[in-house]
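What follows is the residue order along each chain.
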Amino acid sequence: MPACNDLFRLDGRTAVVTGASSGLGIVFAHALAAAGASVVVSARRLDRLEQLAGEIEREGGQALAVACDVASEEDVDALAAKTVNRFGRVDVLVANAGVSDPRPAEHETLDVWQRILAVNLTGVFLCNRRFGALMLEQGSGSIVNVASVLGVVGAGQIPQASYTASKGGVVNMTRELAAQWARRGVRVNAIGPAWFESEMTEEMFASDQALRWIRRKTPMGRPGRGEELAGPVVFLASDASSYVTGQTLLVDGGWTVV
Amino acid sequence: MAPRNPFRLDGRTVAVIGAGSGIGEGAAEACARQGACVACFDVNLIAARATADRIVAAGGRADAAELDILDSDAMTSALEALEDLCGVVATPGVNVRKRLLDYRPDEFDRVVTLNLRGAMCVLQVAGRLFTDAGGGSIVLLSSIRSQVTEPGQGVYAATKAGIVQLARTAAAEFGGAGVRVNALAPGVVDTPLTKPIQQNEAWNSAYAGKTALGRWGRPDEIGNAAAFLVSDASSYMTGAVLFVDGGWTAIDGRFDPPA
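Here the protein sequences line up with chains A and B, keeping their order.
According to numbering that gives the first Met the number 0, the residues represented by the first sequence are 0 to 257, in order.
According to numbering that gives the first Met the number 0, the residues represented by the second sequence are 0 to 258, in order.
Rather than coming from a laboratory, the hints here were simulated on the basis of the structure.
Derived coverage of chain B by chain A (criterion: at least 3 residues anywhere in the stretch with Cβ under 8 Å from a Cβ of chain A; other residues may be distant):
| id | stretch |
| --- | --- |
| 1 | 217–231 |
| 2 | 239–248 |
Listed below are several chain A residues computed to face chain B (Cβ distance under 10 Å; list not exhaustive):
| id | residue |
| --- | --- |
| 3 | 5 |
| 4 | 6 |
| 5 | 7 |
| 6 | 34 |
| 7 | 174 |
| 8 | 186 |
| 9 | 218 |
| 10 | 223 |
| 11 | 243 |
| 12 | 253 |
| 13 | 255 |
Given the structure is predicted, the values throughout are model-derived calculations rather than measurements.
Built from N, CA and C at the ideal position, the CB exists for glycine as well.
Modelling step: build the complete structure from the supplied sequences, incorporating the hints.
Following this line, the structure appears as structure tokens:
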């Protein structure tokens, strides 16, 4: 892995971001590029990815756009192959792709359940497995999984059994992969965001009632801003967190404190 | 213009209480590397000055002063005198390793007073200052012992768990004023305090083996996490417990140290 003088930077390293066509994924891609990494941006919608890759290159970075459905083994294999083909290695994976479809559990169909689990849990596993294997071959790498506060507490008011189950799964899979791979140079951590404005939460942020609920329930009195997730992701991706593994960093303005 | 690097602390002052050795020293140096002017406080002035001198010799900015973490009045004056103070990191702690049935009341008082009342002093003094100012970040030192324990660690573990709940409550109380409070929970770290353990080969390797990474942590690795929690890079993190433990708490297992 290329050494960085500033431990909080990622100069010369290659980072892969899934779910990079919208919201937080775009923020992560820009932040990793700003920290010096070459970035592979992937999602299902290629047109948006090419626009993002173009922006990163105009800012002086290096980027590659690859269409990928993380729930598909073939797609994830192809993403890994294209990453290695272009940049020769992979140092950072930000497994961010996720979907949600809130509804009361008694009305949650098996179809919905399986679709959410396929992307949020199976997709994260497939990416961790494939890119983790590449990192193990190199003997170095850092994986950051995007979990959620809903991986450690229930949602209730925004009912989504499948989403909470998938994120809880990511939290503990992160511990397990950290334990399996720690001595071979690969760290695996997660972040657990609370409420951030993104395409996933668009409807929620359009509702005054929901915003009031977030402000009232959050000790910091406000929802998060997308760029406030960039620091925790870059910290976990970089050597500044060299003794951190198996952790889920809650980035929640105090949501889980009260 | 390139976006500002949120990890940088240029133009800001960070107070590190306990900066004379170990994790406090690591935190002071890490904050200095990120550009902060570091106020190095320690009950041992010579040690605090040595840390500050090393920072200055490396091209950073630092000053040193004597401070007892239990002296609220002195802490208030010391922190009020600092300009552009954005963060306070407090590391002092003590451990008397002894099984519960053997613990003496004076030992209990010593551990609880320094670890828990010390943290309380920092929360009250820095909390008042920062809530008045409308911002700031406080970092308290907890430990993996807030979550997992072993024979002989009962009182220490209780104080480190107590620090977590103090930090979380402070996060809830100060959050509206823009003040963040987080706890760092290191695992086994190579410091003067843990030297006696490291000199016992069986104990040393058992602790290293208990971590997922298979090694002890270094003070600079805890220091970097402290610098992150002080900086704007963690601006939406409050009430969090950041374990910097080489995966100690991610995996299960038990080691019974020599009594």
